[in-house]
Every structure is written in structure tokens, then in C-alpha cells.
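*Asks:* The primary structure of each chain is shown beneath.
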Amino acid sequence: MTTTAALTPPARLPSTVELERRAFRRRQTGRSVLLGFASTLVFAVLVWMFVVNTPGWTQVQQTFFDPAVALKAWPRVFDGLLLNIRVLLFSAVGVLIVSLLIATLRTLRGPVFFPLRALATGYTDLFRGMPLIIVLYLVGFGLPGLDVFPKVPSAVWGTVALILTYSAYVAEVWRAGIEAVHPSQVLAARSLGLSHGKTMVKIVLPQALRKVTPALMNDFVAMQKDVGLISILGAVDAVRAAQIETAATFNFTPYVLAGLLFVLLALPMIRLTDWVTARMRRREQIGGVV
Amino acid sequence: MSGSPAAVPVLRLEGVYKSFQQTDVLRGIDLTVNEHEVVALIGASGSGKSTLLRVINLLERVDDGRVWLQGEDISDPRTKIDAVRARIGVVFQHYNLFPHLSVLDNVTLASRSVHGIPRRAAEKRALELLDAIGLADKARDYPDRLSGGQQQRAAIVRAIATDPELLLLDEVTSALDPELVGEVLDLVRQLKKTGTTIVMATHEMSFARDVADRVAFLDQGSVLELGTPAEVFGSPREERTREFLARIPR
Ligand SMILES: Nc1ncnc2c1ncn2[C@@H]1O[C@H](COP(=O)(O)OP(=O)(O)O)[C@@H](O)[C@H]1O
Ligand SMILES: [Mg+2]
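For the record, the sequence lines run as chains A and B.
All residue numbers for the first sequence refer to our numbering, where the first residue is 1325 and numbers rise by one.
All residue numbers for the second sequence refer to our numbering, where the first residue is 1497 and numbers rise by one.
It is possible that some hints are incorrect.
Below, a list of computed lysine to aspartate or glutamate pairs in the EDC-like style, where the Cα atoms sit at most 20 Å apart [claimed, not checked]:
1) K1526/A x D1640/B
2) K1688/B x D1706/B
3) K1535/A x D1598/A
4) K1689/B x D1627/B
5) K1688/B x D1709/B
6) K1689/B x E1624/B
7) K1526/A x E1533/B
8) K1689/B x E1661/B
9) K1620/B x D1640/B
10) K1688/B x E1533/B
11) K1688/B x D1640/B
12) K1535/A x D1640/B
13) K1526/A x D1578/B
14) K1526/A x D1637/B
15) K1634/B x E1624/B
16) K1526/A x D1550/A
17) K1688/B x D1715/B
18) K1522/A x D1578/B
Under 7 Å between C-beta atoms, here's a sample of chain A residues computed to sit facing chain B [said to hold, decoys possible]:
19) H1506
20) S1508
21) A1512
22) S1515
23) L1516
24) G1517
25) S1519
26) I1527
27) Q1531
28) K1535
29) P1592
Quick caveat, the hints were computed from the structure, so don't treat them as lab data.
Since we're looking at a predicted model, the values are computed, not measured.
The beta-carbon is built from N, C-alpha and C at its ideal position, and this holds for glycine as well.
With the sequences and hints as input, model every part of the structure.
*Replies:* Okay, structure coming up:
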């Protein structure tokens, strides 16, 4: 209060009520930590009792979690994973381009564009409905069979199949984002004299991108594990490599190894997606309408 | 632009009709706006003020009648719509600025991507304009950092950055908190002083009286009364005008 004019501003002491409340909250926090610790312990014991302590566990452990087998399989499976990553990167770029094209085609108005619009709609209908594995077979074995395309590795056909399927989904994500941009933004742009195309590129798509970033990242995570399916075309990716190793040793540990590698590959993206989503939600709460 | 008295009007509307489905929104509008003139559109909500402004800017196509901009019939279907819009500045009630662009980029967007002005020149001009209204320090900010009044002022600057032949304002203050209205109206006054030709829909009667050269009272899609503010506000001829003015707080 107004005692000596101290060099530091006089700190206001919290009231007794507030002190009591803080003490209560501290006790409360301590209790939560204890509770969390106890429940984790109980959970671990249950896992041990029902999984590790089962009659067949030693058998399972030997066939699925053998460190020696894992070590031996590592080089091959890891090389396979590098192929998966390459396929993933090419697919992601391809999907981004194709999906944007499809989504943009679907927003075109006017009778001239009817065929394009119909084509885009038919495409999304078809490839959203068809299971990826069938697309892989049709593209991976059907298209090379036409004998018009140059001979390329099966991983390339796998990439094409992934792009075809995922572009259909991602195009819908884009379309939702485009439709979520307030119509008055388009009006404002058009009234400045911007053409439909320029309005799309400079005003609508950038705002749509912000709205759909979490959804796009989520689809990327989904694609990250679906690249493993190219193994059915014979491409020696991580899954196929694990299969080869398993056939040699009659031990399933290589599959577990490959699975773990896929999880490790996906984890950063999953965390990043969570972070971006949370950040966008915060921004949404702060920012009002413009 | 010459100020000779025989010059063609900036805007001329003749017998403009517009209907949506069954409702006739504009029923034979005649209006002439001369260079450096400010015309205020007043009238009850739903009387067609916004539709009229959208017709002028070719955001709506007329059902009948003609619209001339500087003597050129822009209601002709052969008109290059984007080119006409580039000559007319518009500010709406809200959602004007692009939230993903900085204030500066908002202001320079049309100059750069429609009028082909190099970035440097466009930004120099934009900063001059922003400086004139005290928003130069907000140039690099995004619109959500600005108050509503600052946003609308930035939107007006964006509309005039390309030196349009005509400026359309549609109730630019009606979405604002009362204490922010003044700064936006002051900017419009400033524009009038520099000779900008303006057609504005407004609910601010004292402002219309103060700034407008002529006032048009719209009633059910027709210009029921047109005259100087003194005539329309001081001694309205029509009963409907008197009723409307009596209901509006001044
Ligand atoms: N796109 C539209 N479709 C159907 N009706 C509309 C549309 N735009 C405006 N109207 C109608 O036209 C009338 C006039 O609207 P408007 O021009 O916005 O009036 P004001 O701006 O004077 O309030 C209203 O009855 C409104 O419902
Ligand atoms: Mg209106």
C-alpha cells in the first residue's frame, strides 16, 4: 500500500481466501498425480497377467519378438522402407496436384464446362467407392498388360494407383474447404475486377488451404501406411521384404519390425497434425470475423 | 477527367428492372450521377439499395433497362465485365478485407493483378493512401489485428487504390460499433473533398444530409423522391418519404 515508496512496486499479498484456494488446488494436483501413477501400475499388472503370463506367451514371444531375427532382417526391411518413403513422397505430390485440379473442375460453372464437371464428379464417385487393393490390381497388372506403356517398376504403378485413389478423397476435402470460404470473399474479389481464375488462386484456395490443413495432414497419415500395399504388386518394399525374411526363417518378427517402422515413420506427422489442429482451433477462437 | 459542364455523366441508369424469382426488387430506376457528385441512397431495409449497387457493379444482371458508365452501355452483354468492375470501387457492409493477406497486400491486390502495376509502385501508392488515413503502421498487419473501423477504412482505401471512376459504398458503417462510425464517415468526407464520385447506400441520415449532393429515396424498388438533402429532408414531397424519415432516428 502507501508505506515507503520502495524501488520495487509493493507486491500485493493474496487474500487468505485465495491462499486457501491455492493450497487446496495443490493438494488436488498431488492427489491426481498419485492416482495416475496407481492406475498405470494396475494397468501394467493386468497386461502382465493377461498377456505375458499366458501359457502360450513364450511361443508367441519367440515367433513375433525375436531380437536376433529382427537384427538379421533389419537391412532388407529398412531398404524396403526407403522405397515406401520414395513412393509416399511422389504420391503426396501427385495427389496434391490431381486433387486440386479435380476440385477446381468441380467448382466451374456454366454449360461449357459440363463435360469436365461431370468427368470430375464421376472420378470422385468411382475412386472413393473402389477399394484401394482393387485399384492396385487393376492399375498394377492391367495397365502394363495393355503393352502401350514403357516398362517401369511395379512401384511406379503402385504410386499411380495411390494417386488415383487418394486424389478422389483429397479432392472432396478441397471442395469442402472451397465451399467453406465465405461467398462475400468471392464477391469482394470479383468486384475488384479479378477474374474467376485469379479469384480462385489468390483468394479462395489460400483460405481453403488454411481450413483443410488438418484434414489434408490426416489423409497424408492414412496414405503413409497404405503405401505398404504396393507390396502386393511385387515391389520389394518394407512389407514385401518382411515377407521374404519371414519365409526364410519361419518367424514373424520381420513383420513386427516393419510395422514398428511404419509407426515410427507416421509418428512425427501424427504429432504435427495434432499440433496444427490445436493451433488452428486456438486461432479460430481468437480471430473474429473480418 | 475534365470538369466541363457538358461532360457525360459518370453513371446513368434508365428504366432498370430486376426481380428475384417472383419478387420485383427494382422497378424502373432512373438515376444520373455526375462527376464529383455524391449521391446517397436512402430507404427502408429491403427497398433495393444493395441490389441497385450490385447492378451497377455487374454483380447482378438487369432484367430490363440500361446502365451507362461514362457513356458506355455496360448492360450490353458484350461488355467485358471484369474490365468494368476494375473501373468501379466497391465497399460492402462487412467481410470486405481478405483475411489471409496483409493490409498492404489487400490494398495492392487489384493494382498488381488486375491493372498490372509493379509491386514497388503499387506499394508506394498504397502506403501513401494508408498514411493519409493514419493506418501506415498497420500496413503489414493482418486484418484481424484491426478494429472494425480500421478494417472498413482499409477496405475503402483498397477500393480507391486503383483510382476508380466511381465508388460504391453499401452501408459501410452499419456493422460497426457506434464509436467507430465517425472515423469511417470522416474518411468518406475526405474523399468527397478530393472529388471522388460516390453512390452510397446509408442509414446515417445526418451524414447523408451533410455529405451528399443529392439524396434518392428508394421505396419498393423505385426512386420515389430525388433532390438535394435540403429538399428531401427539409420538405419531402411524398407521404412515404415523410413516414420513413419520421421512423428513422437522426
Ligand atoms: N439474391 C437474392 N435472391 C432473392 N432475393 C433477393 C436477393 N437479393 C436481394 N433480394 C431481395 O431483394 C429485396 C431488396 O434487397 P436489398 O437490395 O438487399 O435491399 P436493401 O439493401 O435496401 O436493404 C429484399 O426483399 C431481398 O430479400
Ligand atoms: Mg442492403
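*Asks:* Against this structure, judge whether each hint is valid.
*Replies:* How the hints compare with the structure:
With a C-alpha separation of about 18 Å, the suggested pairing of K1526/A with D1640/B holds against the 20 Å cut-off. For the hint linking K1688/B to D1706/B, the alpha-carbon distance of about 11 Å falls within 20 Å, and the restraint holds. At most 20 Å may separate the alpha-carbon atoms for a hinted pair to count; K1535/A and D1598/A meet this at roughly 14 Å. Only pairs whose Cα atoms come within 20 Å are accepted, and K1689/B paired with D1627/B is accepted, the gap being roughly 17 Å.
Proximity of K1688/B to D1709/B is assessed by CA-CA distance (about 10 Å); at most 20 Å being required, the pair is judged to hold. Proximity of K1689/B to E1624/B is assessed by CA-CA distance (about 17 Å); at most 20 Å being required, the pair is judged to hold. Between K1526/A and E1533/B, the direct Cα distance comes to roughly 34 Å. Violation of the 20 Å bound is thereby established for this hinted pair. Between K1689/B and E1661/B the alpha-carbon distance is near 15 Å, which keeps this suggested pair within the 20 Å criterion.
For the suggested pair K1620/B and D1640/B, the alpha carbons sit about 23 Å apart, so the restraint of at most 20 Å is broken. Restraint check for K1688/B and E1533/B: the C-alpha separation of about 8 Å stays at or below 20 Å, so the hint holds. Distance hint between K1688/B and D1640/B is unfulfilled; the C-alpha atoms sit about 28 Å from each other, more than 20 Å. For the suggested pair K1535/A and D1640/B, the alpha carbons sit about 16 Å apart, so the restraint of at most 20 Å is met.
About 16 Å separates the Cα atoms of K1526/A and D1578/B, which keeps this hinted pair within 20 Å; it holds. At most 20 Å may separate the alpha-carbon atoms for a hinted pair to count; K1526/A and D1637/B meet this at roughly 18 Å. A C-alpha spacing of about 13 Å is found between K1634/B and E1624/B, which places the hinted pair at or below 20 Å, so the restraint holds. With a C-alpha separation of about 33 Å, the suggested pair K1526/A and D1550/A falls outside the 20 Å cut-off, and the hint is violated.
With a CA separation close to 26 Å, the supplied pair K1688/B and D1715/B exceeds the 20 Å bound. Distance restraint check for K1522/A and D1578/B: the Cα-Cα separation of roughly 11 Å lies within the 20 Å cut-off, and the hinted pair is therefore satisfied. Interface hint at H1506/A: satisfied, since its Cβ lies 6 Å from the closest Cβ of chain B, which is below the 7 Å cut-off. Below 7 Å, beta-carbon pairs count as interface contacts, and S1508/A has one with chain B at about 4 Å; its hint therefore holds.
The interface hint given for A1512/A holds, since its Cβ lies 6 Å from the closest Cβ of chain B, which is under the 7 Å cut-off. Proximity of S1515/A to chain B holds as hinted, the smallest CB-CB distance being about 4 Å (cut-off 7 Å). This hint holds: L1516/A has a C-beta 4 Å from the nearest C-beta of chain B, less than the 7 Å allowed. For G1517/A, the interface hint holds, since its Cβ comes within 7 Å of a Cβ in chain B; the closest pair sits about 3 Å apart.
With a cut of 7 Å, the hint placing S1519/A at the interface with chain B holds, because the nearest CB-to-CB distance is about 5 Å. A least Cβ separation of about 6 Å between I1527/A and chain B falls short of the 7 Å threshold, and the interface hint therefore holds. Here the hint on Q1531/A is kept, as its CB sits about 5 Å from the closest CB of chain B, short of 7 Å. Hint status for K1535/A: violated, given a least beta-carbon distance of 10 Å to chain B, over 7 Å.
A distance limit of 7 Å between C-beta atoms decides the matter here; for P1592/A the minimum to chain B is near 26 Å, and the interface restraint is violated.
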